[in-house]
Every structure is written in structure tokens, then in C-alpha cells.
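Chemist: Since the structure of chain A is already known, use the hints to place chain B on it.
If you want the building blocks of each chain, they are given just below.
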Amino acid sequence: MIDFLQNTIDGVMTGASYALLALGFTLIFGVMRRLNLSYGPSIMVGAYLGTLAHLHLAAGPLGVAAVTVAGAVLAGLYVERLCFAPMAAGAGIAAMVSSFAIWMQLEQAAILVLPRHTYPFPPLASATAWLGPFLLRLDQLIMLASALVLALGVQALLYGTRFGLALRAIIGNPTAAHLVGIDVRRATVLAFALASAVGGVAGFLVLASDAQVTPMFGMWATMKGLIAMMIGGLGSIPGALVGGLLLGVVEAQSQWYLGPQLRDLAAYVLLFACLVWRPGGLFGAAPVRDLARGRSL
Amino acid sequence: MDDYLVGVLSNIGVVSFVALSAYLLLLTGAISFGQQAFFAIGAYAAGVATALWGWPLAAALALGAAVSAAAAAAVGLPTLRLHGLYFAVATLAFAEMVRLLFELARYQVEIDGELVGPNGADGFRGIRYIFEHDLGPLQFLALIYGLLAAVLIGFMLMERSRLGVALRMVGEDEVLASLNGIAVARLKILAAGLAGALAGLGGGLYAHLTTYVEPRMFDVMLGVHSLAYGLIGGLGTAFGPLVGVLIDIGLLESIRPLAGYRMIVFGGLVALLLIARPRGLLDEAAVHWLQRAWRPRRRP
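Chains as they are written, first to last, in our numbering: chain A, 690 to 986; chain B, 1062 to 1361.
If you are wondering where the hints come from, they were derived from the structure by calculation, not from laboratory data.
Please read these numbers as outputs of a predicted model, since none were measured by experiment.
Warning: the hint list may mix true and false statements.
As the list claims (entries may be wrong) - Interface residues of chain A toward chain B, partial, derived using beta-carbon atoms under 7 angstroms:
no.: 1; residue: ALA780
no.: 2; residue: VAL786
no.: 3; residue: MET919
Here a beta-carbon is modelled for each residue, glycine too, at the ideal position from N, C-alpha and C.
One chain only, chain B, in its complex shape:
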């Protein structure tokens, strides 16, 4: 594979983590404009762990996910009683607060005669773990997709479990869910924490993929995009957000010759798609149909 393709595929893989994070919250009925904050926290935490503290990559990624999960659960508490647009804007406000704090944050250590670490708005350079440990782009790609596959398997198991049913039930009707004995508040915090961990894991991978992060990368645009991916690809299955990312990045890359017009084409296509399929390509009905077609029909 050529480097360009590897780069595009790596990007698709990493962005899928934020898309899945927003999707997990959408299942519980929560619209978040703020998952980019946990992506950022994961990126900075994992980057600091390898570049400044010399941690191994696995531990650093785990730290990124853990810190993001804790932050997400902490935001989940005060926003617990917010719904719809109120929740969306509260998460947006939180994410912008995080971005602006990273623009102020400075934590630099001199390593080999060079200052390394987050330097406010100038960003965080020199997250060179994959070069120092001879991880090739292909190997890193394999790592991204290996983790993504594990996450997807987790989603598939969850969707079949009582937890998955409970999450969708909370998304459909919170009152009804609580009347059925579901601990709604606990479940929502759990979902927020898991979604934060997913975004944080993606962030850690992203920081090591690009070797450089800056606060500007984690603005509202990323958050709204990751929310949109689930809606474009479909809310019926965890593969939906992946399809959304694939359509966005894949299609945008392939209509590169149209450079100046691509957002006009793409924006229009998405708007038309959402008219035809308001819950995305792979919505619940499509997933149900696919499952029926997939399984051999039993005799009546």
C-alpha cells in the first residue's frame, strides 16, 4: 500500500473512535456536541505519558482512555438532568472550555536539549514514540484497526446483552425505562464514561499518528462531524458511524479533483440522504432486514 492510502485509512480509523463515542451517547438519546473534548484529553494525556514520562504505548493509551472516561463521567453528573438541546449545548460549552484551557496549558520538559510538551496555543510537538520504537505506518495502522475491531466486537456483544437493550430503552423513553426498573441515572453516567473512554483512546492513537496536536484541532467542527457520522451512516448498528466516516473522508478524498466544489456536493448529498433516511443508511429497519437476510430461514 502506498503511504497516502495508509494515511487516509489511519485517519478514518482514528476518527471512527470519536464517531463511535458520539454514537454510544445517541443510543441513550443524548446529543453531544462535545466528544472532541475527550478526544483532546486522551491525545494530550497519552502524548505526555510517552513523550515526557517515557511510558510504553499501551500504558499511555490506557491512561488517555482512563482520564477521558473520568472526565466524561464527571461532566455526566451535573448534566444528568439536561435533555435534547440543553445537553447538546452544555457539552459544547464544556468542550470549548477544555479547548481554551489547553490553549493556556504549558507543561514542558527538556529532553535531549529540546523542550517537549504541551505549549499552549502553539501545540504539543514531538510525540515521536512510533519513530523511536520503529513502528512502521503499516504496523500502526494494524494497531488502530485491531483496537477498532475489539471495540466493534464489544459493541456487538453489548447490543445483544441486557445492557444494550437498557441503553436503547433509555434513549427511547427515560420515564418508561425507569418504570421498568432500569437505573437510568447510573446507566447514563456509565454510557458517558464509556463514550469518554472511546474518544480518549482514539485521541491517544491520533496523537501518536500525527506526532503533533494543537488545541485548534479539537474545535466544534470535530464534535459536530462526529455526531453527524452516526446519523449519516445509521443509528441501527455500530457499523453505522463507521460507514459515515468512510463516506465523509472516503468520498471527500475521491472527489478531490472537484476541490472547490466538494463541500457543495457533499453537503447537498448529506441533506438529501437525511430526507430519505432520517436515521441514516443503516437504520434499525435496514439492520433488521440484513439480519433476516443473513440468517438462514427456519422452517415454520
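Bound-form chain A, shown alone:
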């Protein structure tokens, strides 16, 4: 029982990082109805810039965090400019494939700048504490708190501000939003930058708790964010949070009881089952037919 609870705690902590990744992902998808495969790699570009700052300028955790987030936003805007802005309404698949091509580009660029397989990343806080029989890590608690705060923040932004209202209008119908005087292009770019910033925070926290960065991070972030987002429900902020935490807990439990080889398998079985039984995700509405169509991917 203690094991089970400790696994659950560990899973919630790891799940917080998935939730953060899913939060940025779901924001982009919600507003644009398009899948940005370059999401993880652009976070990785930020992380590599952060590592550079750490190695050459001896930047501390806060400095590295700032550089990582700024780099992720810049890379994200580059992706938006090249893969999403110039694409016509019907070219969702082309935009997705284009973001995949840019993924290759960003990954290669990162490897060119820092060619070794692993680089140190400044740890945030490696202190641990015992709460009764349970072991807690401070940096993971920070991660969980950040996930909750950012999810609440994004939710408040969407439902409590004029900018959020504009975004929800665009989500509902871009043409109608344009007709009532919303600058769709500007709001979309801002939402993209915001999502990239959330991704940058997620990337920084994950890498700081791993204390290292590898070129595999881009793919890892895209996959984990995508899985968590799909489990929770496309475009849903609470869904991203719950999907991420659920994924983390399922992974932690299956790793403990079934072994590391079956951990990833369990995650994909969960995803496949969720999609088949509840395609809209746990929190999403049933997929609206025309929104879920390939054309408006």
C-alpha cells in the first residue's frame, strides 16, 4: 500500500511535467486547430540556449530559465511564421508536415551548436523531504505547483480577460471573429507565443530535475505532450492537467508493478483505449465532426 501511494505521488510529480507540456500543446491546437509537431523541438532550442548560457556565461537557474523560455518563444514564432501563418484554411495536413520538416531543422541546428550527447543542465533544487513514510523532492513540488498555477492562469486568461474572449471567439469561428473586429492574426501569434512560453517553463523544469539535456528531448516533449493532451481532451485546459497527471500515475504504477519495458506500452494502451472509447478525451466534448476532420486538422 505504501508502495502504491509512493508510486502515485511520483506519478503525480512526473505527470505535472506532462501536464505543463500538454497545456501549451492544447492552447496551440485549441486556437489554430492545427498540430504543431515542432512544439517539443522548439522547447529544446530554448533549452539548448539555456545550456549555452549556463556553460559560457555561468548563468544560474533563474537566468537559464529566462533564456530557455525566451528561446522557446523565439523558436515557436519561427515555426508559426514558416509553417502556420502562410498556410490556407484547408491546408492543415500540409502545415503539420511542414512543422515536422522544421522539427528536423531545429534538431540539427541544436546538435550543430552542442554536438555531444548530453550536456549538464543547472538543477533547480535537489532537496528532498520525508512526509511520513513518503519521499518528496522539492523540484518536483515546484513542478506540480507551476503546473497548477499555469493551468489556472491560462484558464483565467481565457475566461476573464478581453484577450481570452477574443481567443475564444477565434476558437468558435475565425471568420466571425474577424468580422467583429478582432485582429485574428495578432491574437493567434500571441497565443502561439504564450503556448511556447508555457512549453519553455515545462522544458526548464523537466530538464532541471533531470540535471541534463540530450537531443532526444524534442521528440520526448512532443510525444508526452501529445499523449497527455489527447487523453485529457483536445483544447481543454483542465483536460491537459488531468490527462498529464493520469499519464504520469499510470506510467509510475506500471513501471513499479510491470517493469520499465511495459511502462511505455501501458501509456500507449491507455491512449489507444481513451481514443477508441472516448475520442473527445476525458474533458473534451465529443469531437465536433467538421472540427475533427482531416481538413481542419
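Modeler: Coordinates of chain B only, in the frame set by chain A:
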């Protein structure tokens, strides 16, 4: 031809099968990130058939295609009502499940004092049919392209038939297609099965070409690449995905001197191409134009 060129051409031919598989599904409007799973199933099934059971190559390739087709149709059923991104991610999840299962799967038999067969993450060594039967690289190349040509002829016949029209119609608008009396569900399962068979056939060829397969080769990267080939080359004709493969592997091989920068050049080129031509080089309009230019104009 030198061995290097034969190797590159063989690779292009084999990868074309997965690209065509993803293309066939794209015609019906389904975006699949998971065709690499059927490529893997075909590779393992055909490899086991020749290396462990001593089957002839033709029968083994047929088995690979058949098993993959059955698996694809079986996945097609539960994912029938999924569209767009939901379908894409469901196929992705399935493909990763298959890859991870192959990492666990062990089925080894001792042949001539050596263990042969799938050995989990260590892969499946010793698929030596083409050496044991004195098939040269050139002969195997001819086999790959012979099968590819047959598949392309099949595609061309299909595109002109009612089936081809029905498939594209389902891709354009499922509701409209069903209102026109097309059995959408049956057609989608059929397309999924055929696409699985194509990928499985390619996988069987791949296993015998490289004599060695391991689960890692069949990861998401292969799946997204095969989807991208159709979009780069064009969705107007079955030659589109081939052009995509040719551009990718051919161009990457030819800009080898730029080694460190080639993905930067290539990624940028693809992104720019897709801005100019969102349905690829050989899109429907280009194909129509080519057909008009090809056929002698009739007098009015």
C-alpha cells in the same frame, strides 16, 4: 552499377511501399502516423517464414502482406469513427504498441548451431535468404522494382475505376459519399487493409534486403516520414509519394558533403515547398495539366 547506387536505389524502392501505404489512406482522408507498424509486421513475418520455417521468398512475402493486411483491417474497425488528429494519434499509439511488443517478443530456433529469430530489443538477425539462394543485389533490386511497378499499375487502374473515385469521394466528404450510396465503412476498412498489405510487402522486402531488423527501425520517425512523402511529392497521383521518397533520400544522399547542414537545408526546402504547393508537387491540378498535355488534343 556500383554497390552503393544499388543500395540507395533498393532503399528508395522499399521505402516507397510505406509511402504508398500512407498515400492510399490519405486518399480516403485518413492521416496515419502508424503505417510503420505494418511495415514491421511484414518484415518480421516474412523474415520468420524464410529464416525459421524455410519458406520460399514469394510465399514469405505473401505471408507478410497478408498478416499486415489482417492487422490493419483489425485496427481499422475500432478506429472507424475517428477522424483527423484523433485517427492519426490512435494509429500512432497502435504503432508504438506494436514496436514495444516486438521489443519483448522472443522466438528463436537453433539453425546450424546458431540461434536465429526475433530476439526482443536485440533485433532479428540472419535473414539470409538472398545469400543462401544466390540472389545478387541487382536481382533483388529488379524484384523490388518489379513489385513496385505492379503496385503502381494497380494504383493507376484503381484511380480510373469506380473504386478510385469512391475512395477520393470518401476523402473529400464522408457524409456526401454515403448519401451517394457509397458503403463508407466497408470502403475505409478495405483501404486500411490494402494499405496494410502494401506496407507489409515493403517490410518483407526490407527484411530480406538488410538481412537484419530491430524494433527501433520502426519508430514514429518512419511513420511521419512516409506520410510526409505523399505531401511533398503530391496527392494527385501514386507517383507523388515516389517523387517524395526520391527527393528525400536522393537529395539527402546528394548533399552529403554538407553533412552537418543537410537537415537544415532539407527541412527549410520542404517547408517552403509546402507553402507554395500545400498538396505537393504533383497535386491534382498538376496531374490534370500533365494528362491534358500528354493526350493529343481532339478537334472541337
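Chemist: Run every hint past the structure and note whether it holds.
Modeler: These are the hints, each one checked on the structure:
1. ALA780: Given a least distance of 4 angstroms, the restraint on ALA780(A) holds.
2. VAL786: Interface hint status for VAL786(A): holds (5 angstroms vs cutoff 7 angstroms).
3. MET919: For MET919(A), the interface hint holds, since the closest Cβ of chain B sits about 5 angstroms away, which is under 7 angstroms.
Of the hints listed earlier, there is not a single one the structure fails to meet.
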